[in-house]
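Engineer: Put together the whole structure using the sequences plus the hints.
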Amino acid sequence: MSSETPSSYNPEKGYIALLGWSLNAVEAAEDFDRRYVVVAPDWAEDYCKQHDIPYIKWNFERLNDRSMEIAQTLKEQGVDVAIPLFEETVEWAGAINSVLMDNPRLLGQSMLLRDKALMKRRAQLGGIRVGIFEEAHDKGDVIRFLKRVNQTLLKLDGDPNDPIHLKAFDKAGCLGHRVIRTPDEVDTIPDEEFPVLMESHLDGWEFAVEAWIHNGKIRFLNISEYVTLGYSVFVPASPELEKYRDQITQQIEKLIKTFDIEFGFIHPEYFVTSDGEMYFGEVAYRPPGFKVFELLERAYGFNAYQGMILAFDPKTTEQEITDFFPREVVDAKGHAGCFGVYPRLRVVSRLEIPEETENHPYYDFHDLNQPLEATVTKRTAFGTHWGLLYFFGDDALTMRDLLEHQESLDFYI
Amino acid sequence: MIESASNTGHSVAETSPHLIEQLEQAIDLLQQARDFIKPDKVSRLFDCCRRIMQQPGGCALIESYMQRIEQAGVFNNTDYAQPQILIPSLSAQALKSADANSVVMEALSNLRLLAVAKGVYKHQHVSAEQAHHHLTHVLAINLERLFSAADEAERTRQGKLGQLSRHLLQHLAERIGYEHIIEQLIDEIWRILQQRPIQLANIKQMVTQIAICQQSPDIDLGTSGQGADRLISSLYGPTQSCREDPGVDVYLERLATMDAAALQYEATGFARAMHDTGLVSPYHAVLLRYLVENSDHLLSEALGLSSTGRDCLLSFQELVHALIDKAVHPASAQAIYGLAMMLERSILYQPPLAPALWRQLSLPLSDFARQRLLTLFGDNPAPEIRLLEGVLCVLGQPLGVGQGNNPTCQSARAISMWAYQDPDYLLQLLVWAARDDEVIMHFEGQALSSKTLPSGVASELPMDLDPVSLILVPHLDRIYAEMGRRCAERESDPHRWVNPEFHGWWCGRGFDINVDVPTGKLVNLDAFLRRFYASYHPYYNGNQPLIHPQPAGVAITDSAMRFIGWHAISILRVALDQEQTMRVYFYNPNNDSGQHWGDDILVSTSGHGERFGEASLAFEQFASRLYIFHFDPLEPGELAAVPETELNTVMEKIYKSWGVNR
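The listed protein sequences derive, respectively, from chains A and B. In this text, residue positions in the first sequence follow this note's numbering: the first is 479, and each later residue adds one. In this text, residue positions in the second sequence follow this note's numbering: the first is 119, and each later residue adds one.
These are calculated hints, taken from the structure and not from any lab test. Don't take each hint at face value.
[Stated by the list, open to error] Ranges between beta-carbon positions, derived for each pair: (1) G563(B) x P661(A): 44 to 50 Å; (2) N766(B) x D888(A): 39 to 45 Å; (3) T876(A) x P572(B): 34 to 40 Å; (4) P761(B) x D888(A): 47 to 53 Å; (5) T876(A) x K569(B): 31 to 37 Å; (6) K774(B) x D662(A): 32 to 38 Å.
In this text, a Cβ means the ideal position worked out from N, Cα and C, and glycines have one as well.
Structural biologist: Structure (structure tokens):
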């Protein structure tokens with residue numbers, strides 16, 4: 479469409495490349511005033527042709543000798559900036575943007591943002607509080623770390639261990655996230671998952687932040703409240719969490735400085751402990767999972783992908799970006815939340831939303847499908863929910879209780 | 119019903135205004151969405167439509183939105199985008215689907231055609247006439263669904279979605295007009311009435327709908343609906359003196375002016391209509407109450423009793439009068455049929471029965487029991503009366519007990535079996551449940567109290583039941599489930615121990631099952647069938663008729679022979695029918711026993727020597743669906759006499775239906 483109707487975009491503004499395939503992002507770009515092109519693997523080609531979506535074929539693997547090729551192609555086309563949509567395309571965006579903007583530091587920055595261990599070190603160097611962490615290359619490392627962490631906590635033999643968390647270096651969100659409490663559990667980790675990052679468990683309130691950054695300044699800062707990690711999230715956060723907003727803003731500013739971020743979008747995770755101390759968990763340079771963008775649109779009415787395009791585009795003006803974003807919290811029409819459904823029974827035959835859920839005035843809709851298989855695979859790590867339920871309503875506490883309550887219900891029976 | 123169709127949309131607006139808001143939003147989102155992302159946004163609209171259509175009046179609401187919904191692009195890139203190519207017969211499959219989106223899509227398409235047929239929506243591909251024609255076919259194809267309650271198969275497959283399909287069909291029928299489907303409807307009503315169910319609310323509603331159609335000047339039934347007269351008159355005007363449905367007060371005045379001959383004429387008229395259909399007119403109640411006061415010698419006529427029933431009536435005159443006085447009112451007229459059939463069964467001659475009924479007459483109800491009755495049946499008549507009506511019906515029509523839309527076939531079977539075999543015990547249980555909210559039964563010497571047990575097979579309290587079941591089932595269900603839990607660790611199937619303890623001493627302690635419980639595979643098939651033949655088939659058991667009803671388990675299959683689930687029934691008798699075929703007559707707690715189990719196994723409910731409420735199958739057909747039965751080990755029968763060829767026929771039927779892959 480864009481290619482045939484050049485008048486639908488503003489030639490004064492930047493030309494955007496979206497790295498990775500996301501229908502919602504394409505829709506947002508299509509409805510916006512910037513020229514854009516989708517850079518995606520070959521399986522998206524037919525679809526793009528069919529629907530007249532501007533498209534360049536590229537298979538994202540590890541950066542390699544041919545990486546320059548795509549950067550050159552985009553540069554020749556006149557693309558101004560590349561926006562990563564998935565964890566796997568973050569370093570590609572860094573590499574491409576360093577060419578497009580003639581700024582080699584951007585590649586280094588993206589590598590930092592891609593590796594959880596490096597990112598934690600960098601944060602530590604910037605004076606940001608992090609938990610204890612270490613890389614593990616085999617199961618022995620994990621057992622040693624588990625023991626050492628618990629010795630540090632002055633646990634006696636026989637006391638239950640504090641758990642530790644294992645995460646892949648370079649995967650998004652909850653993928654590959656495991657919780658280990660005893661040395662026995664270490665045996666359940668497949669060898670091919672190593673190396674991993676190990677972290678001590680922080681007893682606190684975990685939350686995430688979405689921040690749109692332009693000219694080194696925060697333009698919109700959302701706090702996403704997790705009700706239960708891996709299950710549910712809602713925005714804007716409850717007043718209890720929002721009261722930390724100033725502190726959180728300071729933390730994000732520190733983060734921006736430490737990682738030298740001039741523009742774009744970040745999605746960090748933090749813990750706030752009972753004494754009000756903030757601990758940095760990790761940060762991603764791409765849209766969050768769990769449909770937080772959709773929730774933001776429901777709560778505030780702005781399209782978060784279009785916000786991203788503005789934040790990345792070097793031709794965005796100060797006025798434009800200020801006008802685009804609403805005021806945080808006060809402008810929200812309500813709280814939007816979602817809940818990730820995991821089947822609780824071992825054998826399921828069909829999807830049925832419980833009446834109490836469906837009849838709740840906060841219930842919006844769901845994107846669950848009929849079960850394809852009757853037997854449910856046992857859950858080993860986080861991050862494999864079968865779909866989401868969406869809720870919307872005025873009261874944060876009702877929302878929190880409602881989301882929490884969903885954990886005790888069966889959606890597949 | 120018909121007049122409400124146009125304004126039922128308001129009910130959703132009143133009960134759930136947020137749903138309408140969400141619907142508007144979902145339509146707008148889809149409308150605005152680019153083509154390529156529409157499939158993504160459709161699911162949100164589907165979910166919203168589903169919730170609305172599951173509510174009463176929801177289909178009317180969606181109908182009024184259909185033009186916008188279609189133009190937003192809901193049917194894009196599907197066959198439904200071209201309604202002119204749609205085939206009505208495919209709708210049955212879609213509406214039965216377990217996939218919510220398939221059901222919703224089909225429902226939306228039909229509602230769209232409805233809007234077109236009504237001339238509200240001018241469609242570019244179909245005319246109003248084509249749409250109307252299409253919908254008539256859809257209704258005809260789904261008639262069974264329209265006029266029957268949900269069965270086990272539907273519940274297992276669809277859950278709450280089944281309700282949506284039903285709402286849709288009812289809405290279509292109301293808007294398209296019953297005249298187009300009325301003939302099939304009448305046949306269907308007669309078929310169900312042949313089984314003499316206790317719960318008649320649905321049937322009465324259907325008969326009323328036909329009556330409304332016939333009377334409405336706006337509906338041209340043409341030549342259809344002739345056969346409905348008997349049904350309508352038996353409810354609204356069985357005799358000359360109430361032919362024009364004058365209202366009960368007017369009718370009472372008329373009675374006062376009648377002489378003995380006229381009263382007798384009335385009495386026989388009502389009795390004939392009642393025994394013809396199983397439906398009782400409210401006028402009948404007026405007459406009966408009048409006769410008790412004024413000419414009780416006509417009671418026997420008015421109840422349509424044979425000499426057996428009349429004997430019983432005369433022996434227990436005072437009790438019968440008391441029962442009529444308390445239980446028979448225009449709003450509880452079915453009590454009359456129950457009473458008549460109870461007298462015919464002569465069970466009052468069992469010593470405990472008459473005193474037990476006296477106790478029932480003055481039974482105080484617990485708050486919980488009263489509330490349950492009020493919730494379902496309202497306050498006219500009072501809950502005590504409603505329960506007494508239910509008691510008479512259960513005792514008169516033990517095979518008329520149905521499980522409603524609940525997974526509680528075992529409890530329904532037990533109630534029916536006790537009413538049939540041990541009515542005194544049933545009344546005792548009912549007193550405990552209705553007065554004390556607690557039923558205690560014993561399992562292998564240990565007392566089980568329904569009060570302290572966790573919930574049973576049904577996760578929610580069942581509601582759509584006859585009054586007696588309504589009170590008893592929650593208790594029985596919990597106890598039955600607990601008995602099962604106590605056997606969970608044992609090898610073999612828990613029914614082996616549960617059935618005799620739960621039902622009564624007459625349930626055979628011998629037990630056979632042809633399914634290996636842990637694997638679900640068929641085992642021991644030959645010996646299983648041979649024993650069944652030798653225990654139950656008169657040719658091989660020494661020509662011994664079955665003495666007591668025996669619980670049994672069948673593997674239910676659908677018309678395509680696919681396995682649906684295990685189901686509890688009881689075997690009542692085995693006998694030759696008029697064509698000299700040996701048949702098993704059994705009780706099926708499903709509301710409609712006339713089911714198609716595939717492979718030409720059509721469960722018969724009349725025409726093959728069945729008594730009211732019995733289902734029957736030829737012996738080998740029945741054997742081919744049986745998986746559990748009880749027997750008396752001391753009466754093994756002549757095992758060796760059962761011919762191999764007969765057993766092979768049965769096994770073949772098993773292997774090609776529910777035995778596939780077992």
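Engineer: All hints, please: hold or fail.
Structural biologist: Against the structure, the hints:
For the hinted restraint 44 to 50 Å between G563(B) and P661(A), the CB-CB distance of approximately 48 Å keeps it satisfied. As the Cβ distance of N766(B) to D888(A) is approximately 44 Å, the hint placing it in 39 to 45 Å holds. Against the hinted window of 34 to 40 Å, the Cβ-Cβ separation of T876(A) and P572(B) comes to about 29 Å, which falls outside the hint. P761(B) and D888(A) have their C-beta atoms about 49 Å apart, which keeps the hinted 47 to 53 Å range intact.
The given range of 31 to 37 Å is respected by T876(A) and K569(B), whose C-beta atoms sit roughly 34 Å from each other. K774(B) and D662(A) have their C-beta atoms about 50 Å apart, which leaves the hinted 32 to 38 Å range violated.
Figure legend: structure checked against the earlier numbered hints; hints not met, in rising order: 3 and 6.
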